[in-house]
Amino acid sequence: AQTVTQSQPEMSVQEAETVTLSCTYDTSESDYYLFWYKQPPSRQMILVIRQEAYKQQNATENRFSVNFQKAAKSFSLKISDSQLGDAAMYFCAYRRWDAGNMLTFGGGTRLMVKP
Amino acid sequence: GAVVSQHPSRVICKSGTSVKIECRSLDFQATTMFWYRQFPKQSLMLMATSNEGSKATYEQGVEKDKFLINHASLTLSTLTVTSAHPEDSSFYICSASGSGGQEETQYFGPGTRLLVL
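Protein sequence lines, in the order shown, are assigned to chains X and D. What the first sequence shows, in the numbering used here, is residues 1 to 115, in sequence order. What the second sequence shows, in the numbering used here, is residues 116 to 232, in sequence order.
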């Protein structure tokens, strides 16, 4: 079974600074998807970024980018120019290529942004 | 695009009663819908996966007779908590994935907070 590990229960960043959230996963598959979801205090899960394992290029979405290291099974999220609205729980998730879209979530990282 | 709604957002019920939660995909056809449960300060726990027109697949340890799931159309799935008890109090979240470019990604509803007295 696949597992997803987020080793940082909490992180803190100064507004306008950059922070990196770590995620590692365990799988024997070669094709899969990786996601970062954000859950603000409203508890609405919001897709931040998605990475297909077959793509070598790291995904980026505005201030959000990932460092995908397939051999190391690592998928970290970098948030640049942090804003107060970035404060939330962040969940890393894995999905097998053919798994009927079932996601395996990590335990989450709570990000605090200091003004 | 890819908006998922959930209703109600909050519900309080008496022990022993049943509660129905609706999950709708508003702008795409959801071939697969998922139901999660989330305890405070914890990650999401998958309860079941439902495909339109088929019986739901429940995760180990989830009572299918207690958590009834119906996915009768490509835009609607319902979760009914039958004979609810205080230990069923939780935050329930649905998600949906579908066709037309939304196969790979799950889009989440805003969640339903259930409190059983």
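No wet-lab data here; the hints were simulated from the structure. One or more hints might be untrue.
In silico negatives: residues of chain D with every beta carbon more than 10 angstroms from chain X [said to hold, decoys possible]:
no., residue
1, H122
2, T132
3, K135
4, L159
5, K170
6, V177
7, A187
8, S188
9, E202
10, S212
11, P225
12, G226
13, L230
If the Cβ cut is set under 7 angstroms, some of the chain D residues that face chain X in the computed set are [what the hints assert, rightly or not]:
no., residue
14, F143
15, Q144
16, T147
17, Q221
Dumping the calculated BS3-like pairs for lysine-lysine here, alpha-carbon to alpha-carbon at most 27 angstroms [said to hold, decoys possible]:
no., chain 1, residue 1, chain 2, residue 2
18, D, K170, D, K135
19, D, K156, X, K114
20, X, K78, X, K55
21, X, K55, X, K70
22, D, K179, D, K135
23, X, K78, D, K129
24, D, K129, D, K181
25, D, K181, D, K170
26, X, K73, D, K170
Every residue gets a Cβ at the ideal spot worked out from N, C-alpha and C, and that includes glycine.
Each hint, compared with the structure:
A cut-off of 10 angstroms between C-beta atoms confirms that H122/D is not in contact with chain X; the least separation is 14 angstroms. Against the 10 angstroms criterion, T132/D stays outside the reach of chain X, whose nearest CB is about 24 angstroms from its own CB. With a minimum CB-CB distance of about 20 angstroms to chain X, K135/D clears the 10 angstroms threshold, and the non-interface call stands. Not every CB of chain X lies more than 10 angstroms from the CB of L159/D, the least distance being 5 angstroms, so the non-interface label is violated.
With a cut of 10 angstroms on Cβ distances, K170/D stays outside the contact zone with chain X, its closest approach being about 14 angstroms. At the 10 angstroms boundary, the C-beta of V177/D stays outside the reach of chain X, the nearest C-beta of that chain being 14 angstroms off. Look at A187/D: its CB is around 19 angstroms from the nearest CB on chain X, clear of 10 angstroms, so calling it non-interface holds up. Consistency note on S188/D: stated as away from chain X, and its beta-carbon is indeed over 10 angstroms from all of that chain's, at 18 angstroms minimum.
Every Cβ of chain X is farther than 10 angstroms from the Cβ of E202/D; the closest lies at roughly 20 angstroms, confirming the non-interface assignment. Once the 10 angstroms rule is applied to beta carbons, S212/D is inconsistent with being away from chain X; the minimum gap is 4 angstroms. A beta-carbon of chain X comes within 10 angstroms of the beta-carbon of P225/D; the shortest separation is about 5 angstroms. Look at G226/D: its CB is around 5 angstroms from the nearest CB on chain X, not clear of 10 angstroms, so calling it non-interface is violated.
At roughly 15 angstroms, the least C-beta separation between L230/D and chain X is larger than 10 angstroms, which holds for a residue marked as non-interface. Restraint check, F143/D versus chain X: the minimum CB separation of about 13 angstroms is more than 7 angstroms; hint violated. For Q144/D, the interface hint is violated, since its Cβ never comes within 7 angstroms of a Cβ in chain X; the closest pair sits about 14 angstroms apart. With its C-beta approaching chain X no nearer than about 5 angstroms, T147/D sits inside the 7 angstroms limit, and its interface hint holds.
For Q221/D, the suggested interface contact is upheld, since its CB lies about 6 angstroms from the closest CB of chain X, less than 7 angstroms. The suggested pairing of K170/D with K135/D holds, with an alpha-carbon distance near 17 angstroms, which does not exceed 27 angstroms. Straight-line distance between C-alpha atoms of K156/D and K114/X comes to about 20 angstroms, which keeps the hinted pair within the 27 angstroms bound. A C-alpha spacing of about 18 angstroms is found between K78/X and K55/X, which places the hinted pair at or below 27 angstroms, so the restraint holds.
With a C-alpha separation of about 10 angstroms, the suggested pair K55/X and K70/X falls inside the 27 angstroms cut-off, and the hint holds. For the proposed pair K179/D and K135/D, the alpha carbon gap of about 14 angstroms is at most 27 angstroms, so the pair holds. A C-alpha spacing of about 45 angstroms is found between K78/X and K129/D, which places the hinted pair above 27 angstroms, so the restraint is violated. Distance restraint check for K129/D and K181/D: the Cα-Cα separation of roughly 16 angstroms lies within the 27 angstroms cut-off, and the hinted pair is therefore satisfied.
Of the supplied pair hints, the one linking K181/D and K170/D holds, its CA atoms being roughly 15 angstroms apart against a limit of 27 angstroms. Simply put, K73/X and K170/D have alpha-carbon atoms about 34 angstroms apart, too far for the 27 angstroms limit, and the pair is violated.
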